[in-house]
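What follows is each chain in one-letter form.
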Amino acid sequence: MMLMMASPVDAVEPSEILSDPALEARARDLSKGLRCLVCRNQSIDDSDAELAKDLRVLVRERLVAGDTDDEILDYVQSRFGDYVLLKPPLNPATALLWFGGPILLIGGGIVAWRQITRRPVPATTPPPLTEAERARLREMGIEADRET
Amino acid sequence: MIAELGHFALILAFAVALAQSTIPLWGAHKGYAEPMRFAETAALMSFLLIGFSFAALTYAFVHSDFSLRVVYANSHSDKPYLFKIAGVWGNHEGSMLLWVLILALYGAMVAAFGRNIPPALRARTLAVQAMIAVAFLAFILFTSNPFDRMDPVPVDGTGLNPLLQDWALAAHPPFLYLGYVGLSMPFSFAVAALIEGRVDAAWARWVRPWTLLAWSALTVGIALGSYWAYYELGWGGWWFWDPVENASFMPWLVAAALLHSAVVVEKRSTLKSWTILLAIIAFSLSLLGTFIVRSGLLTSVHAFASDPTRGVFILGILVIATGGALALYAWRAPQMEPEGVFAPVSRESGLILNNLLLSVSAAVVFLGTLGPLLIEAVTGDQMSFGADFFDLAFSPLMVVLLIAMPIGAALPWKRGDLPRVMKKLWTAAALSFLVGSIFAMWRSGGPLLAPLGIALAFWAIFGVIVDLSERVKLGRAPAGETVRRLVNLPRSAWGQALAHMGMGITAFGIVGITAWESEDIRAAKVGEMIPLAGYEIRFDGVERSKGPNYTIDGGMFTVFRDGKEVASLVSEKRFYTVQRTQTTEAGIRASLIEDIYIVLGDKQDNGGWAVRSYVKPFANWIWLGALIMTLGGLLSLTDRRHRVGAPNRAKPAMVPAE
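So the protein sequences, as listed, match chains H and X. Per the working numbering, the first sequence starts with residue 16, numbered consecutively. Per the working numbering, the second sequence starts with residue 274, numbered consecutively.
Hints are computed from structural coordinates only; laboratory data are not their basis. Mixed in with the good hints, there may be bad ones.
Stated by the list, open to error - Straight line, CA to CA, 25 Å or less: simulated DSS-like cross-link-like pairs of lysine-lysine:
#1 X:K798 - H:K68
#2 X:K746 - X:K696
#3 X:K303 - X:K540
#4 X:K540 - X:K746
#5 X:K746 - X:K697
#6 X:K540 - H:K68
Said to hold, decoys possible - Derived, one-sided and incomplete: chain X residues facing chain H with beta-carbon distance under 10 Å:
#7 L629
#8 S634
#9 M656
#10 E790
#11 S791
#12 E792
#13 A883
Yeah, the Cβ is synthetic: ideal placement off N, Cα and C, and Gly gets one too.
Just chain H, with the same shape it has in the complex (with noise of 0.2 Å):
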């Protein structure tokens, strides 16, 4: 088995973090959002390889410079396609994926809801006796109550 993982430890180095601990949370955040293009399924935040430093710097400088969250994002995206975003957009093509979820829920849950209640309630007091089965029970020596 091949566990082709860059050397994990030294992800973001202590020369990158922005001197004002806001912007850095928010880098962190945006980082933790954007794919390592050049790994298997990490985030630039937790990724080592030179790729992955650029983009961190990236993201910093535009920033410092004053972007939003989405405009940071919008900038990546544009550049290096749907890949490079971890949490994949909401279109067409992944509405299946992000809406699958509540869809299965709601739909089972109907098919769950029509077996549960298709049963009918065992009732609490069995139906009374019919005279037929009044004179059975006579016969063989059993008065039943009128009531029951």
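Given the structure of chain H, go ahead and fit chain X onto it with the hints provided.
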């Protein structure tokens, strides 16, 4: 020579499996006893042969026989003994051999311990099991033979990836396979029942122990993988929604649903078609997982050698096994008559809700893992779903499940009264909110949802305690009777209690580490003090040393709290001389309250070193919870009712039906 014998044993096992998959089926169809009994002999033979084969491969690894291709590619004479053994299954071919070994093990266990199972069902089950074995033995013999020789024989091997030279990761595959290969047993039982055309309460009783065993092992396997990632990968992440992780998680979710569904079939003779379907789907997901991991289809942090032929082969097995089983299901399911009747508010409907939530959760994970692939095939856009998707799509389902769990467990069979149940549970609810508030005050500065998450976790835990105290009539009967009831509680009741509590405990750990983790990243000079979450961490410098097959740069740290020394930690950067790769080991001070986690980074230009420090609250409860869940499963497994086999025992009913 030994390798050739191992190879030959494998071929014999293939032949035996062929026989085992046909003769007993014919025997069961005709009602002949001898051919049916052949299934057991064949299953035991199969296990012995494959066991020998596995032993032969292990021998080759331990004695560093580099004439075998797999040994050359995955081992080295300097490697420590333990990891020579772990190397047996640390590669594609060897792990496939482990796969079929466990398949055969389960078959042999049914043969040996399944005396109570009706002969026809047992014969058919073992036959179906053998069909799976035939498929995978063919796969091994024709595409992934571990006994392939090399010529000329190299002097030494290329070594095992350093990341794999680790005890947790060495144990991870065996447990995982005991888990999701073990799900083949309920699958075989389900298909056998479909062939027979009958599913009844007794069938559910035979199936449950195997499902419990597989589920428990899978819990351990997943927990080991998660724990390994936590301490090894360098920043204390423990779950990445990586396709291979999801591949093991989906069967776990469905197996949990199956466990609960089988209980309903056993007790109330209803939910039969759901249960059969779940049994089929659980193993199909295991097969899917095997396919995902070994076909190179999905880019993932860890991927086996990717070879299109192998991928297509497994895909073929998957299609035939799942397709065949589902076709059989479609044909036979309408014939399975539900017998039990229950009210809309009852344990049965609670368990239907449970089935629904777990199945949809598995489906969501499935969508997130394979959906991107489908999208890529259709539109050409490459993408994949990460934690953001799963957090949004998956977590709410788990929240609902945790809320419903104590309620469902308290509902009686057949007909329940919700207000009455809620009245019993309100102590649990009140206590959970109390605990949540305490945490809100103690750990300020975290996300708003965190105390709610804590309350939810404790709701699950207190719910279990309330349920137990109800069963022993705590406070409502004389102390003597309470004690008597406690002592006589069946093990499955304790199993249930532990498993449900384990869920709550794991949830607690997850909330803790997610909500209140603290982090510090800096370039530290020797002697510098790093303040973090009430601790002071002093960087004492880096020392050089040597390990068995690597050199070490060890970062030394001393941790203080209020001026007193709390821990002395070392974070190692290891350089493996053979593979010329580097790994980093974190220095971790583990405790039940919080982990202190320090990682040495690269040397900086200004003479300092990059140091990343974390404080991770309640991290270890994640895996402790998983362990408790496993204990619950194993405890249920040892319940006498599974061993005796007959549905009734002359014992007064301990659990009040209310």
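For each hint, the structure was consulted:
1. X:K798 - H:K68: Distance of about 23 Å is within 25 Å: holds.
2. X:K746 - X:K696: Holds - the C-alpha atoms of X:K696 and X:K746 are around 15 Å apart, at most 25 Å.
3. X:K303 - X:K540: violated, 31 Å
4. X:K540 - X:K746: The given pair, whose Cα atoms are some 23 Å apart, holds under the 25 Å limit.
5. X:K746 - X:K697: With Cα atoms ~12 Å apart, X:K746 and X:K697 stay inside 25 Å; holds.
6. X:K540 - H:K68: violated, 59 Å
7. L629: It holds, given that the least Cβ distance between X:L629 and chain H is near 5 Å, below 10 Å.
8. S634: holds, 8 Å
9. M656: holds, 5 Å
10. E790: Given a least distance of 12 Å, the restraint on X:E790 is violated.
11. S791: For X:S791, the interface hint is violated, since the closest Cβ of chain H sits about 13 Å away, which is over 10 Å.
12. E792: holds, 9 Å
13. A883: holds, 5 Å
Taken one by one, the earlier hints fail for this structure at numbers 3, 6, 10, 11, listed in ascending order.
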